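Undergrad: Protein chains in written order, with the UniProt record's numbering: chain A, 1 to 487; chain B, 1 to 487.
Check before you lean on any hint, since a few could be wrong.
Just so you know, same-sequence chains aren't split out, so a pair can sit in one copy or run between any two.
Claimed, not checked - Here are the simulated EDC-like cross-link-like pairs (lysine to aspartate or glutamate), alpha carbons at most 20 angstroms apart as the crow flies:
#1 K158 x E14
#2 K322 x E263
#3 K158 x D105
#4 K325 x E391
#5 K158 x E32
If you're looking for bench data, these hints aren't it; they were derived computationally from the structure. Since this is a predicted model, take the numbers as computed values, not measurements.
There are 2 protein chains.
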Amino acid sequence: MSRDLSALVPRLREICSDRGVLTDEAERRTYESDGLDYHAVIPGVVVLPETTDQVVAVIRLCVEHNVPVVPRGSGTGLSAGALPNADGVLLVTSRMRRIREIDVDNQRAVVEPGVLNLDVTRAAAPHGLYYAPDPSSQQVCSVGGNVAENSGGAHCLKYGFTVHHVTGLEIVTPTGELVQLGGKSVESPGLDLIGTFVGSEGTLGVATAITVRLERTPERVRTLLAAFDSLDAGGTAVTSIISAGVLPSAIEMMDALSIEAAEQAVQCNYPPGAEAVLIVELDGPASDVDAQFDQVSTLCREAGAFEIHTAADAQERARIWKGRKSAFAAMGRISPAYIVQDGVVPRTALPEVLGRIAELSATTGIRVANVFHAGDGNLHPLVLFDNADPEAAERAGDVSAAILDLCIEHGGSITGEHGVGVDKVCHMPAMFTPDDLATMDDVRRAVDPHGIANPEKLLPTPRLCGERPSVRTGEHPLVAEGKAELF
Amino acid sequence: MSRDLSALVPRLREICSDRGVLTDEAERRTYESDGLDYHAVIPGVVVLPETTDQVVAVIRLCVEHNVPVVPRGSGTGLSAGALPNADGVLLVTSRMRRIREIDVDNQRAVVEPGVLNLDVTRAAAPHGLYYAPDPSSQQVCSVGGNVAENSGGAHCLKYGFTVHHVTGLEIVTPTGELVQLGGKSVESPGLDLIGTFVGSEGTLGVATAITVRLERTPERVRTLLAAFDSLDAGGTAVTSIISAGVLPSAIEMMDALSIEAAEQAVQCNYPPGAEAVLIVELDGPASDVDAQFDQVSTLCREAGAFEIHTAADAQERARIWKGRKSAFAAMGRISPAYIVQDGVVPRTALPEVLGRIAELSATTGIRVANVFHAGDGNLHPLVLFDNADPEAAERAGDVSAAILDLCIEHGGSITGEHGVGVDKVCHMPAMFTPDDLATMDDVRRAVDPHGIANPEKLLPTPRLCGERPSVRTGEHPLVAEGKAELF
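Take the sequences, apply the hints, and build the full model.
TA: This is the structure in structure tokens:
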């Protein structure tokens, strides 16, 4: 712990009590990284407030001492957005876990930031309601973290991202003011700062209460898995489903390499010989879902599906999803190390971009497995390499960066749902002009004039990034540190 | 024209040519107000740029001369958000009317700000697509104005507001920078300023291109009108429809006084003797709509509907909507003057708030007609008075203000879709704490450090509002000027 923080700790203990302040190195080390664990820094001090008042007091203290404060939820993020500062405060919201209200009539829940995503649905389910955003980590990730990252999930094609479900926020700004944004109403006058706060990755303060919209549990959910002998054929099926005016709740695609890994890891029994599988899920009123489900099956066959499995019950549905949901972790079965990339392209650019990724893979000898939310063009290429070979690790880093460039070239984005954090901060200038970035920075500095809220994340600085993205110049932390098992 | 602007005009003519700059008083007077015409100021000079470059040059010139600039679309707003400054520039976007692109495959349109709302749908319709936000003024209002006000419409219950349909913005900031926010992708990294820009009422700059999502034209649309012998019975029907999990595209309610006015104005042939009518519209796949339509009819009967009309074709559908859409203007038939109010309450608070409005009306002797988007709790009370009686005008202003207080008390908002502008700026402190407002103001000043973009709108200042809302202290412009025919 740095000298500066020694003065702070007794006052933090007054605010959060002894059990709410961790200074022991072994305890602090638990929090050295989030889900992107090749970025790691032991935090100066960890605080675990239990009330909004404590958050206000902690942040005011940080302002007073000019100490950086990094907010953290469950720590499942994949862009090192919760990477601590060695001389700063890590503010962990996991003890703020009260569901303040389930307002059945107005279909709203008011929850504290540490509440787990799935627990919102668990609390709402007895009333026939659920919370729609469903990141794969929904059993362990927190709603506060979802707000910070504007998390998506397999079903965001139909239901949108976290920002589309938050109607109100109680936040503590980086100057220590308690501010209410929005509420339960659909619309709020003045500047709508909810959209800006959601996805601001902890740079605009800490949400201490979140009001979310609850959806009616759909009358029917149906799931199918279709196998194709090429990615292109799968892509054609996606296009024809969307063009037919069907809006599935999810359309997920996996290529041969992802299928191979998933098969080895969880024996998901996808049709042998498939070069691509498509998982399509429909939900809504029974009559509607049944009619559209038949239509989707027909469109898949017309696009060349050689086998279609339809889930007869919840158990079969879970089996179909198992392969997809385990796909990232399964990569360990076919490669010693891998990078999970996250980029977006307009849906119509998918075939072109997938072709270019295949070319990149062929010319570099670096294998790339593809898992993606096909409906909204959100790619998750998994770049495989042997970490025993430093040269291969460097090439993998280059391929991973080149994929982001492809996304930008095709009018897309450097992140679909994993965020910028530390990991992609130096890619921001490839996507935005200096004026675009300056406008974001103006807003950030207006809310955080002292620059203490999650500094050096989200927006690039010359000190961090120089003139070119660091990945491109070989300074990528992965390459530099040669770290291996990423997930 | 003030002396300061004389120096500006030749340079404005260089930028926008002679036809793009209006200095003649008669021409300027055309722009003295928007739809809320009891606020009127003749603008110092009017410019009508045709390109983004011209907008950039005009705003940089305004910065250089420290001259306020007020953006205006079609001028149909109802909160005086486009009220000009006598010594400022009114920047009218109506000549920026190019539809830059209809991207059918990605379901996006890129339009300039002066494009009329309905023209987006007209351009998209041949491709089976349409633009969902539909303010009543959609034949004449502009997409740029919709962005400024975050406009809603009868169908925003199901489809959301303008902010839910904008995925990209090209804006010129109040410092004259051209900035791109978002794009065609569903998600954009960094601070998401789209949500803040949409609804910022011209205080954060001018949008010069807007990328909007297009929806598939629904396979079926069905509309019914149900008549009830009390507002409460109508309210019960709304609750039971929503509780049944049906999400109509629109649920509109009108009370006896509104029906009387509409009947006199457009002979809409609503069932005689109705104390309330409910218009319910469903859209979507045919099978789904047909099943739910029967369910809605049954629920209305169970709630006590004594007569139900169902539209057999587009013509009958139009006839049902005619009474609702003409309701505001129809008030002239039953009252010499009236104020259109716009407030929101959580849906479940509707019966209570309607009861309190009826009490207010009884105790003050001021009649109030109620027309509202019942599904999302957006009230449009029409406060009727005789403008020949100054004392009645004052009481009407008080009733109108008291209705907003009721909305706030019940956890709602002072505006649902008409915006704050000049008209409600002094109500903001009743809804937000000083810290809430200061946070908004920090963001505004960060983007507009010179304070030239639509000054004195949206956020209150002590100079404007003193310590209490001006309406409450009798300084309401309506009362002060005694103006009469408002709409």
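Undergrad: Next, verify each hint and record whether it holds.
TA: Here is what the structure says about each hint:
In this assembly of identical chains, the alpha carbons of K158 and E14 never lie at most 20 angstroms apart, being 47 angstroms within a copy and 49 angstroms across copies at closest. In the homo-oligomer, the alpha carbons of K322 and E263 lie at most 20 angstroms apart inside one protomer (10 angstroms), although the nearest pairing across protomers, at 60 angstroms, exceeds that limit. Taking the shortest Cα distances, K158 and D105 sit within 20 angstroms of each other only across copies (17 angstroms), while inside one copy they are farther apart (23 angstroms). Taking the shortest Cα distances, K325 and E391 never come within 20 angstroms of each other, neither inside one copy (31 angstroms) nor across copies (69 angstroms).
In this assembly of identical chains, the alpha carbons of K158 and E32 never lie at most 20 angstroms apart, being 36 angstroms within a copy and 44 angstroms across copies at closest.
Going down the numbered hints, you'll see the structure goes against 1, 4, 5, while the others check out.
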